[in-house]
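Novice: Sequence:
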Amino acid sequence: MHSRMSDGVAQVEHYHGRQFRTYNILMLVIMAVGSFGFGYTNACMSTVLVQPSFIQTFNLDTRSNANDLIGMTNSLYFAGGFFGSLSSCFCSDKWGRRWGIAVPCLISTAAAALLAGSVDISMFIVFRFVQGVAAFTLLAAIPVWMSEVAPPSIRGALVNIHNFALLIGYSVSGFVGYGFFHIHNSRNIQWRGIFALLCIPNVLLLAVMYWIPESPRWLLLHERVEEAEKTLHRLHSAEEARIELIQIQCQLQIDRHLQSTYLSMFTKPSYRKRTIMAFCLTCAIQICGPLVIAAYSPTIYGLLGFDANKQILYTAGFFTVSIGGSLMSLFIVQVAPRPLNFAVGIILSLACLSVEAALVANYATTPESLAHPNHAALKAAAAMFFVFIVFLEATLGGTQYVYIGELFPTHIRSKGMAIGTSGLSFMNTIWLQAAPTAFRTIGWKFYLCFICPGTVAAILILLLYPDTRGLPLESVAALFGDEVGDNIVQAHEIKINTDDLSQSDQKGVIGEKEQPRAAVSLEHIEKTA
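Here our numbering is used: position 98 in the sequence shown is 98, and no number is missing along the way.
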């Protein structure tokens, strides 16, 4: 613990030892089951689209508008995601972060069951939309809860558990699709089984939701101080929990009197700046095309000359190597400034797409190259996607959720995350509807639609975005010129009597023994309307 004496009272900064308890990690891992479910949901369509029974059931091999229908199965899922993202805050803000996760989890389970039982393409597309609403509500809600229960010193790494679990869901989805591809004469179990299995992670998360703690910041925002204090002491070390409790209360004295509507996020300049940054960040990352490549991996590998078996196997491999990138991000997010991290990640990803475009243009489009394929070049083109996804996940995939959660104060954090994730849905609604036709008509030139605007986005992020790495959530407001408690502005320092603090260190935490509370000076904190 770092402190300095002033008038007999120590100026104590955030605890520099271990700030979290094992219970904190356990709860984050359990909540990540929902992240796993989202990843599985998001990825499963890529392998479903090449299942022979799916194509035959909905006559996608004979319909004149097959490409449009295939595009709709993905684009309307993301259109639903756009509305799901924006609506995610209503339940989270009113009834708590846990309810904001449980409700879409239940809806996603029902949608998965109805997708598995679809009898025509119209029914399938409708429930893909519904599933998109539920899935992206989860995507927006889970990182908010994680960012509010993680301690500041390693918040980046802990919130990245969300993306790590999401990518495991992607990988499992790929191998499940590969397994079902080899089941024949099975009454459409090839594709129906893929959707039926989605119910499992959702049901598991719902079953344990009762034991997952509510966000202490949400509890304090609704003046449930005793519950928040107990929750903080269960999640974080005794020293950090006391300091964090006081700091959150200081900032909430201001925040709870401020407007928290969507309108206020566009009328108040500091909120508007955050909102535009959050939306543009996810749009910039999706300009790199990660979900286009993920959703249409089998199609892309097919255009490179690989058979259906390898198309699905390479897709599963693509999802699996992304986990390695996510593991790297757990360390990179702790040391790299956020804007530099995003800019370098986008440039590296686009460099891979530039190489991919060159390989496809020279070895997979001309009549001569198709008649006499260069197998080494085609394998290199397939491998380039693996390098692409490692770079992207190491720098962008999980860090975007960490950063958006850091940008916004507690009273509008769920709305901020909702707007951020809506950018992801917005971009992919456009990309995924156009992609099937674009890949088959303009081919390698489609990659230029990612490369050119993505380069501009990387430069703007590097120049305009602030670095929030390592800052307590309540201190980020100062970066945008918002009113904050004086104790928070002063390098997030809090006045605590050192004698009381050392006594409480010996007596343990709440729930073990009764302990004296540290004496805290809040004389400079004023309630502001």
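Worth flagging that the hints you see were computed from the coordinates, not collected in a lab. Bear in mind that the values here come from a model prediction, so they are computed numbers and not experimental data. One thing to keep in mind: the hints can contain errors.
[Claimed, not checked] Okay, the calculated beta carbon distance ranges per label pair:
no.: 1; residue 1: T62; residue 2: Q259; range: 50 to 60 Å
no.: 2; residue 1: T441; residue 2: P373; range: 34 to 44 Å
no.: 3; residue 1: A358; residue 2: Y23; range: 46 to 56 Å
no.: 4; residue 1: T441; residue 2: V126; range: 20 to 30 Å
no.: 5; residue 1: A358; residue 2: R187; range: 37 to 47 Å
no.: 6; residue 1: A358; residue 2: E227; range: 37 to 47 Å
no.: 7; residue 1: S270; residue 2: K310; range: 31 to 41 Å
Cβ atoms here follow ideal geometry from the backbone N, Cα and C, with glycine treated the same way.
Novice: Does the Cβ distance between S270 and K310 fall inside 31 to 41 Å?
Specialist: 51 Å, violated
Novice: Would you say the C-beta atoms of A358 and R187 sit inside 37 to 47 Å of each other?
Specialist: For A358 and R187 the Cβ distance comes to about 45 Å; the hint holds.
Novice: 50 to 60 Å was suggested as the range; check whether the CB atoms of T62 and Q259 agree with it.
Specialist: The hinted range 50 to 60 Å holds for T62 and Q259, with Cβ atoms some 55 Å apart.
Novice: Should the hint that A358 and Y23 are 46 to 56 Å apart at their CB atoms be regarded as holding?
Specialist: 51 Å, holds
Novice: Taking the CB of T441 and the CB of V126, does the distance hold inside 20 to 30 Å?
Specialist: 28 Å, holds
Novice: Given a hinted range of 34 to 44 Å, is it respected by the beta-carbon distance of T441 and P373?
Specialist: 21 Å Cβ-Cβ, so the 34 to 44 Å window is violated.
Novice: Given the hint of 37 to 47 Å, is the C-beta distance from A358 to E227 inside that range or not?
Specialist: Roughly 58 Å apart at Cβ, these two residues miss the hinted range, so it is violated.
In the structure shown, a violation is registered for the earlier hints numbered 2, 6 and 7, in ascending order.
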